[in-house]
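With positions in the sequence shown counted from 1, the corresponding number in this note's numbering is that position plus 40.
Keep in mind that the hints were calculated from the coordinates and are not lab data.
Fair warning: there could be bad hints in the mix.
[What the hints assert, rightly or not] Cut-off 20 Å, straight-line C-alpha distance, at most; resulting in silico cross-link-like pairs (SDA-like, lysine to any residue):
| hint | residue 1 | residue 2 |
| --- | --- | --- |
| 1 | K422 | E467 |
| 2 | K116 | R185 |
| 3 | K422 | Y463 |
| 4 | K143 | S107 |
| 5 | K45 | P190 |
| 6 | K316 | K384 |
| 7 | K116 | E186 |
| 8 | K153 | S107 |
| 9 | K45 | V164 |
| 10 | K116 | K153 |
| 11 | K277 | V97 |
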Amino acid sequence: MAEIKTVCWIQHASEWKFFIPIARALKSYGVESIFVCKSLHAHKQYQDAGFKSYTVVDLFKDTERISEDFLAKLDKTYGPPGIHAIGDSDVQMVAYFSNKRDKKYQLIGKAYKFWEKFLSEHKVQALMAPDSATFITRTAHNIARERGLPFAQILIGPSDWHFTVDDVDESHVWSRFLKEIEKGFQPLTDDQLKITRDFVARRTNQAVEGLPLRFVPPSLFTSIRQYLGMWWYDRPKERQDNPVHVATLRYGRKRLLKKMIWKYITQVFFKYDLPKDDDKFIYFPIFSGEEASYIVNDLYFVRNEVSLIKEIAESLPMGHLLYVKEHPFNPGDLTYWQLKELKKVSNIRVLHPSISSHELIDASAGVFVLQGTTGWESFLIKKPVISMSNPYFSYSSLVYTVDRPSDLEAVIRRMLENGNSIYKDNEDEWMWFIHAVISTCGQGRTLRSQPPFGYVEDEENATKIARYLIDNLIP
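Throw the hints in and build the complete structure from the sequences for me.
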């Protein structure tokens, strides 16, 4: 009789509508699924769907104190990232514990102990998560690495109709892709060329559609009511019974307040710049400093966005401007005063978040990115790209990379001197790299980036993802 294999799914937010159909599809192939949740609501969803589910809520109530020596031992055994880094990367726990760092580190130590026991009691072949920046996922990742267990994040891929199973450290990179890249350039067949050209055409047309402003409060009355409600439910009984919900409320208050300030103060009083047809500029999309991929993967010197933007501007040659704008899903991440500070720099132009990124990319001399889709979209239309992080597209030799601030000026000058010729002179390699990306990730959908937003739930899609997991992750 064949051995039953088991995948452990780690809950982050409200992804049960996406995970449950995949778990059912895996079961039809003889692979069981168990779930570990930090939210009681998610825990109940999985149980009601007939799956085994476990919760870490009791870790918040555990009064046993872990000694400093034992925390240091856990750090030495499983890090990096260390306990301090894990504590700083989980934005909800930062909001929940505020300045009570000791309690936060105790929770992370208890999460390590939970996973040690859990993975000893359950024979798990692989672990899956939708996010890598929470205390529950990062401790699981570290222990899985120590024990040689596959651990991966399932994320939206190079298009809405592709997904990736990122199993290389905590990065947005997957091992099947790296194996293909390591083989080196190989000329594509006629069929492969057609597939690649069709993908580029479809994906670039999708980028033209742009993204609407999102998560912006619909009205002041609704916003105030939501904000007060988040305070109302932050009560002693809820803190005792459902601490993760309280953490979500506290983080949600912070996010909502940022959006309200942006909509009703910053947007009204800050004078945004307008793009001009005759400007020579490099485009830098401002990233969300609280997004998981940035928190986990970015180099330390890029974490202060305002300083980084000013550093880039100072590295530009005379006659070139730096266009910056916030993501339409995250207006308000930079305060009014931070935007004013940027605007004071003579060669920085601060644009409204609603302005089309596609049009800016197309008109620019090049783009400067960390993670995100802007770099990939720029690569697909043969626009020079500088990356200061490790997204999958940065593995192309046609993408410029910066590992330290002192390299900024030289890399920018080289990019501007070469212009689009780097693609014209290496057309075959450009096509090969795109094919390597799309042929090694999965065909299926995770999130819809256009209305109606949300996770994709249909069975056919779930079956595609399940089959990919069996072929590429589950040993």
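Each hint tested on the structure:
Among the hinted pairs, K422 with E467 is consistent with the structure: their alpha-carbon atoms are about 9 Å apart, no more than 20 Å. Distance check on the hinted pair: K116 and R185 sit about 14 Å apart at the alpha-carbon level, within 20 Å; holds. Restraint check for K422 and Y463: the C-alpha separation of about 6 Å stays at or below 20 Å, so the hint holds. Straight-line distance between C-alpha atoms of K143 and S107 comes to about 12 Å, which keeps the hinted pair within the 20 Å bound.
For the proposed pair K45 and P190, the alpha carbon gap of about 13 Å is at most 20 Å, so the pair holds. Annotation: proposed proximity of K316 to K384 holds, straight-line Cα distance about 18 Å (limit 20 Å). For a cut-off of 20 Å, the pair hint linking K116 to E186 stands: about 11 Å separates their Cα positions. A C-alpha spacing of about 13 Å is found between K153 and S107, which places the hinted pair at or below 20 Å, so the restraint holds.
Among the hinted pairs, K45 with V164 is consistent with the structure: their alpha-carbon atoms are about 7 Å apart, no more than 20 Å. The straight-line distance between the Cα atoms of K116 and K153 is roughly 14 Å, inside the 20 Å bound, and the hint therefore holds. For the given pair, K277 sits about 14 Å from V97 by alpha-carbon distance, which is consistent with the 20 Å threshold.
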